[in-house]
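Q: As a plain string of letters, each chain reads:
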Amino acid sequence: MLGYYVKLAARSLRRNPGITSLMVLAIALGISVCVMMLTVYHGMSSNPIWWKNDRLYAVTLDSWDVQEPADDEHPDLPPWQLTYNDAAAVAASTIPLHQVRMVKTTAVLVPEDVAAGAQPERVMLRVTSADFFTMFDTPFLYGGGWQAAADAGPEPVIVLSREMNEKFFAGENSVGRILRWNDRAFRVTGVLDDWHPSPKFYDLNNGGFDDPEDAYVPFGWIAALELRSMGNTNCWKPESRNSYADFLNSECVWIQSWVELPDAAARASMQAFLDAYVADQRKAGRFARPDNNRLTPVDQWLADNRVVRDDNRLLVALAFAFLAVCLLNTVGLLLAKFLGNASVTGIRRALGASRRQVFLQHLTEAGLLAAAGALGGLVLAALGLLGLRALYATGSAGFRNIMHVDGWSLVMTVMLAVFAALAAGLYPAWRVGRLAPAVYLKTQ
Amino acid sequence: MFRDIRPVLSALLRNRTGAVLVGLQVAIALAVLVNAVYIVKQRVDLIGRPTGLDVGNIFVLSSAGFTQDHDRYATMREDLAWLRSLPDVRAATSTNAIPLSGGGSSTGIATTPEASSEQTVPMNYFQVDEDGLEALGVTLAAGRNFRADEILPPDLNSDRAIPQVIITKALARSLFRTDDAVGKVVYDAFGRPTTVIGVIEHMQGSWLSWDKVDHVALVPEVASWSDNAYLVRTRPGTRAAVMRQAEEHLAASNTTRLIKFVRPLDYYRDRSYLSDRNMAVFLVTVTVLLAGVTALGIFALATFNVNVRTRQVGTRRAVGARRADIVRYFLVENWLVTTAGVVLGCALALAAGYQLSRQFELPRLDLYYLTGGVLALWLLGLAAAWQPARRAAKISPSMATRTI
Chain A
1 MLGYYVKLAA RSLRRNPGIT SLMVLAIALG ISVCVMMLTV YHGMSSNPIW WKNDRLYAVT
61 LDSWDVQEPA DDEHPDLPPW QLTYNDAAAV AASTIPLHQV RMVKTTAVLV PEDVAAGAQP
121 ERVMLRVTSA DFFTMFDTPF LYGGGWQAAA DAGPEPVIVL SREMNEKFFA GENSVGRILR
181 WNDRAFRVTG VLDDWHPSPK FYDLNNGGFD DPEDAYVPFG WIAALELRSM GNTNCWKPES
241 RNSYADFLNS ECVWIQSWVE LPDAAARASM QAFLDAYVAD QRKAGRFARP DNNRLTPVDQ
301 WLADNRVVRD DNRLLVALAF AFLAVCLLNT VGLLLAKFLG NASVTGIRRA LGASRRQVFL
361 QHLTEAGLLA AAGALGGLVL AALGLLGLRA LYATGSAGFR NIMHVDGWSL VMTVMLAVFA
421 ALAAGLYPAW RVGRLAPAVY LKTQ
Chain B
1 MFRDIRPVLS ALLRNRTGAV LVGLQVAIAL AVLVNAVYIV KQRVDLIGRP TGLDVGNIFV
61 LSSAGFTQDH DRYATMREDL AWLRSLPDVR AATSTNAIPL SGGGSSTGIA TTPEASSEQT
121 VPMNYFQVDE DGLEALGVTL AAGRNFRADE ILPPDLNSDR AIPQVIITKA LARSLFRTDD
181 AVGKVVYDAF GRPTTVIGVI EHMQGSWLSW DKVDHVALVP EVASWSDNAY LVRTRPGTRA
241 AVMRQAEEHL AASNTTRLIK FVRPLDYYRD RSYLSDRNMA VFLVTVTVLL AGVTALGIFA
301 LATFNVNVRT RQVGTRRAVG ARRADIVRYF LVENWLVTTA GVVLGCALAL AAGYQLSRQF
361 ELPRLDLYYL TGGVLALWLL GLAAAWQPAR RAAKISPSMA TRTI
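Here the protein sequences come in this chain order: A and B.
Position 363 of the first sequence, counted from 1, bears residue number 363 in the working numbering, the numbering being contiguous throughout.
Position 401 of the second sequence, counted from 1, bears residue number 401 in the working numbering, the numbering being contiguous throughout.
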């Protein structure tokens, strides 16, 4: 039966190619704009490590000024980074299964044998703890991370991104080879495979879609090399800082801290640990604000830090308004078409087609239109996303990476197509089924 | 014209569905159009704000040493001396941060030594030398520039007092409620005094999305952030050539450092406004498409109405209606539909505007935009119905007697 309906619908659509292509175009435009905006929105709001959402927590403590919150616009949130000393105190806890403290900085790395053609490169560097790689499930192409003992030493070991390994070692297995940083020889322990978590949940300082760093070294190098953050360093307290040691001991927040807590019990004891630490610090005159010690899971962390911007929500709303106009347009055209063809329907009814059959026949036609529109819409959306990438050519690669047709876009397209078929087809099909056949038979 | 309304209206009411559909399209189109144009206008204004800087003639060069014996300050002195010796370079200074880039330093200052945090005004500061004013291309409204002997040596780790500062008018107004700040004293967080020696007409600082982006101060200090960065201002038309020349020369002049980047200042401004610009592009694109689809809907309805009334039009023509009467009939009909949509659309537009201002903290919709939107949709409606109405007018009176 369906096959017959489809044949009927196709014949009817071929009869008025002008109107048919107008309707397909309207549906395609509406669906393409929706799919584009939803793809971008979904990419921005996705959790790149969802399988560990109930295990990974960002640690934040409200060490800020008693007179004002860290962020005027969101006074309920503590500052999003820790002081150097607070991060050290959190790291001293044995409750987490894994934990990292870290900062993004920059360096110039020099290959040992410059004559071989590789040049010194300016790199973005993550100075972090040994657990970083296991905690965040980073894929390794060669080798692996470093031992926890290397953090404190600190030992001159380094993990490279795949891209940096291409630049320095032409993509060969470089484990055990040397890169020089400030005349120190750093030994490569591992090379990451492609790894572009987006949003870059573990450090949102430089925007939600900042690219991952080019290389990773143990956390102890911060103090050893007197490094500064390439992200934000926020200070509230007027305190005399006359040396790097003063800076490390200051109330400035600049260190990111994450813990992995396998279950609710671990989470509760970690929370108790933080509360006890803050209570203890109060005795020393710190933490004048009310208790606000947080363990924030990844999805909440992304929401708290407003990774999805208002503009993106607005664009999704705009896309649906546009789709509504396109569908209203299609309803009008379809109705005019069905009613214009009422005499044929009248004959069908007179020959015994039920209202239900007439309704389904016309709905099939709407479905066919929506399917064609969705196909066209998907092509337009793919082109549109290419256009978007061009518009963001100077932005971060991580943001451009979410702008392509993926499985989610396909699912959205199918859902929108079904919606479009029903929204555009239900009313006209119902109307045409209600026509009294006799009237149309008479005029013939 | 108005005597036509009654018959048109009764014809419309007898066949409502098509008109209702088009009216709804017009309503949504108006709501989207008005709010989209309003948001685009805000973004365009935001991007078009004056920077106070000679953006088109400035470039930024940053370099980093990679050996322990690399003397970054000796390198800085050599680099700046060489840059300043170029005939096409007007000025060059070292800097701790790049204006308009989204990165920079700020601190709080006040007009009394013992200020509470409410009395403290945030200030975005740039460490520059005596060439700073000229290198930025900002205008000094009052007071004087730094002298070479006032530039403090580099010192990354200390929090020392700064004897002199040059501030923008906007910062002066926030501090003293007047532009006339030369000779006045401001205090840092430790209550140590700094004298204002000059006032800049206007300058945007590091963070273009900050409401105090013009609260800028120049501080006489050799920049000491981790890597060397210079702001270089060239004579008009020579920037690209000087950039190439500088990159080549500086890369070769010192082999223990790497030139990190050489970029025109426009790069940073464009990057900072990227999402605002693109938002405007999206809104304009979707709005144009929306207007197109709506016009198509109006056109289709008018065409349909003309087609089903061929015989009626023929009859009217046969009993004496002129072509102009026929055109008017269809235009009035279409105008009624558009108007009904526009009325509904005004309510929708205001509701949407209210929601936007509440949820996204946008300013409330300006009513001029609504008026403009109504006029635009009326015109769009007339334009879309014009061709079908003209076609109706061409229907021959003889159609009255023909069966279709």
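If you're looking for bench data, these hints aren't it; they were derived computationally from the structure.
In this text the structure is predicted, and so the values were computed from the model without any measurement.
Cβ atoms here follow ideal geometry from the backbone N, Cα and C, with glycine treated the same way.
Incorrect hints may have been included.
[As the list claims (entries may be wrong)] Stretches of chain A that chain B covers, calculated by requiring three or more beta carbons in the stretch to come under 8 Å of a beta carbon on chain B:
#	stretch
1	185–199
2	323–333
[Claimed, not checked] Straight line, CA to CA, 25 Å or less: simulated DSS-like cross-link-like pairs of lysine-lysine:
#	chain 1	residue 1	chain 2	residue 2
3	B	K184	B	K212
4	A	K167	B	K184
5	B	K212	B	K260
6	B	K169	B	K184
7	A	K237	B	K260
Q: Counting residues of the stretch 323–333 of chain A with a beta carbon closer than 8 Å to any beta carbon of chain B, are there 3 or more?
A: Since 8 is at least three, the answer is holds.
Q: For the pair we were handed, K212/B and K260/B, check the Cα-Cα distance against 25 Å.
A: Since the Cα atoms of K212/B and K260/B sit roughly 30 Å apart, the hinted pair is violated (cutoff 25 Å).
Q: Under the criterion that the straight-line Cα-Cα distance not exceed 25 Å, is the pair K237/A, K260/B satisfied?
A: Outside the cut-off at roughly 33 Å; violated.
Q: Is it true that the CA of K167/A sits at most 25 Å from the CA of K184/B?
A: Between K167/A and K184/B the Cα gap is close to 54 Å, so the pair fails against 25 Å, i.e. violated.
Q: Assess, step by step, whether the Cα of K184/B is no farther than 25 Å from the Cα of K212/B, and give holds or violated.
A: At roughly 21 Å apart (the allowed maximum being 25 Å), K212/B and K184/B satisfy the hint.
Q: Please count how many residues of the stretch 185–199 of chain A have a CB within 8 Å of a CB from chain B and say whether that reaches 3.
A: Three-residue rule not met by the stretch 185–199 of chain A, so violated; n is 0.
Q: Taken at face value, is the distance from the CA of K184/B to the CA of K169/B at most 25 Å?
A: holds, 13 Å
Violation of the numbered hints given earlier is confined to hints 1, 4, 5 and 7; the remaining hints are satisfied by the structure.
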